[in-house]
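Chain residues, written in single-letter form:
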Amino acid sequence: MRDFLNKLGLTFAFIVIVSPAVLFFLWMLSLSLKFEIDNASYPPVFIPDRINWGNYAAVIESKRFMTYFFNTLIVTGSATLFALIIGVPAGYGIARMRARKSAIVILIARITPGLSYLIPLFLLFQWLGLLGTLWPQIIIHLVVTVPIVIWIMIGYFETTPMELEESAIIDGATRWQVFRHVALPIARSGIAVAFILSVIFSWNNFVFGIVLAGRETRTLPVAVYNMISFDQLSWGPLAAAALIVTFPVLLLTMFAQRQIVAGLTAGAVK
Amino acid sequence: MSELTAGKAVAKTAATVAAETATAQKNEWRPISYWPFVIPAMIVVMAVIIFPWVYTIWMSLHEWKVGQAPTFVGFANYLRLPSDARFVESVGHTLVYTTLSVALPLILGTLAAVIFNNKFPLRGFFRGLFILPMMATPVAIALVWTMMFHPQLGVLNYLLSLFGLPPSLWVFHPATAIPSLVLVETWQWTPLVMLIVLGGLSAIPTEPYESAQIDGATPWQTFRYISLPMIMPFLFIAAMIRMIDAVKSFDIIFAITQGGPGSASETINLYLYSVAFVYYDVGYASAIVVVFFALIVALAGALLHLRQRTHWNEAGGSA
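As they're listed, the protein sequences go chains H and E.
To convert a position in the first sequence, counted from 1, into my numbering, add 9.
To convert a position in the second sequence, counted from 1, into my numbering, add 8.
Check the hints yourself; a few may be wrong.
[Unchecked claim] Computed far set for chain H versus chain E, every beta-carbon distance over 10 Å:
1. TYR65
2. GLU70
3. GLY86
4. LEU90
5. THR121
6. TYR126
7. THR142
8. PRO170
9. GLY181
10. ALA182
11. VAL191
12. GLY223
13. THR255
14. ILE269
[Claimed, not checked] Derived list of chain H stretches under chain E, where covered just means 3 residues or more per stretch with a C-beta under 8 Å from a C-beta of chain E:
15. 145-153
16. 208-220
No lab work stands behind these hints, which were simulated from the structure alone.
From a predicted model like this one, the values you see are computed outputs, not experimental measurements.
Every residue, glycine too, gets a C-beta built ideally from N, C-alpha and C.
Given only the sequences and the hints, what does the whole structure look like? Please build it.
Below is the structure:
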């Protein structure tokens, strides 16, 4: 009997603690599928009688949606790819040189507010005449992606065994060959973690875009924010746009939650 | 708070990190031939992290509005700060916002970790659902929260009415703006605390729990005297990360209130945005950046000090 009560209490506590997350996203979905009349009714309607797919169509067919979507893909894709190309070898080098102290720079980058980078880099981009292209955003997203990749890769390479690498060097392999053919394949799961977190944090980034993006170079989070100002009263399309922007991230989180948890706690616990 | 103090605190943190790894480092080979792996990343870090920092410090010593020529003014920008009422007010807002945004997720996250530490079906799936708030695009969720906060049509006031509570103006009233934003921040970041604490809980061996059960300890006693001491280091790390993120919080506040109503929820970061990109006063904004960074380092130092003191009490000796 006591066991049963314990189980009941646990189930109840579990529901209480998980429901804010679940109900929020269900409510977001509900808002995005309702006609305005249902969204503006009181008491609120949770499951509408009629479903309005038109909200999604309105967003996807809106003037620059596709441009913004591809902007986001290009900025996130380039910033992540570049961060992996330079960050994975750097993580390897730092781990093998046992130069963890150099990671203090990454710690400082982690502490510094994003806006602090914007002021000097904005002036630099202005001086270089790059404003109005996607380059400023790709470059400044490196502030986010490079530290994540280096930090995670240091952790992974520190735990991979050295014996294989040492014997490869005795056999006459160069350091580059050892990295390419021995260390890299073992660290594949670490690279996956770094890739996923880098993509998510770059995709979600908002602050860099509001300063650096022009009408043609907005990424999706900035575009959604700009919808608020002149679309204040129609909640359906707004909620649909918000869900479209964040849906890839939600999907990735559900499918790669093991990697995400590993990456986030590895960075935290060390 | 001067730059020098900030630098010292960073150095102190670095020293702690170094000391922890030093024992493992002794007598290990340290070949110079690994430099080529690191150099490309060093160049990028110099360009996007070191250069902005150096340039910011230089700018902070100049009177400079975008479009005009900079003139050297020494520490005048820094001396302006204490008499800038809007800045002083924003520091207060930041401290309130940060304290609440560390404390609430820490309590709720620990509770969630204790619950998630039990075995139940589909645990992985539910953990995935539970961490969605912190991974979702902040602007997108801010938008939905804004709709939920709506005083007439928002679902939150409806929920309040179900419990017989009076409606609130949420982010639309100066007195409730910061608590409402903290609600969003807590909803968003409780999962991170949960993950960190869960990592600590799962590392505790089962023996202490078994003997506690035999001795007839209540669940609260078990938590207070077995789990809590063991997860203290993890709670500290969670508090540190939470503090750093809450101080810097921008997306949620900017997208929901823009620092309003009036300047009721204007934190340092929001004020910094206005100075830099609305008034284009980059010299003054740079001084704010430096002081802001110093404040974050000071808060981190205070947390570190707190931990070392408690550590000292527990161990009764060197920390």
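Status of each hint after checking the structure:
no., hint, result
1, TYR65, "14 Å, holds"
2, GLU70, "19 Å, holds"
3, GLY86, "17 Å, holds"
4, LEU90, "13 Å, holds"
5, THR121, "6 Å, violated"
6, TYR126, "5 Å, violated"
7, THR142, "17 Å, holds"
8, PRO170, "14 Å, holds"
9, GLY181, "14 Å, holds"
10, ALA182, "12 Å, holds"
11, VAL191, "14 Å, holds"
12, GLY223, "14 Å, holds"
13, THR255, "4 Å, violated"
14, ILE269, "7 Å, violated"
15, 145-153, "holds (count 4)"
16, 208-220, "holds (count 7)"
Going down the numbered hints, you'll see the structure goes against 5, 6, 13 and 14, while the others check out.
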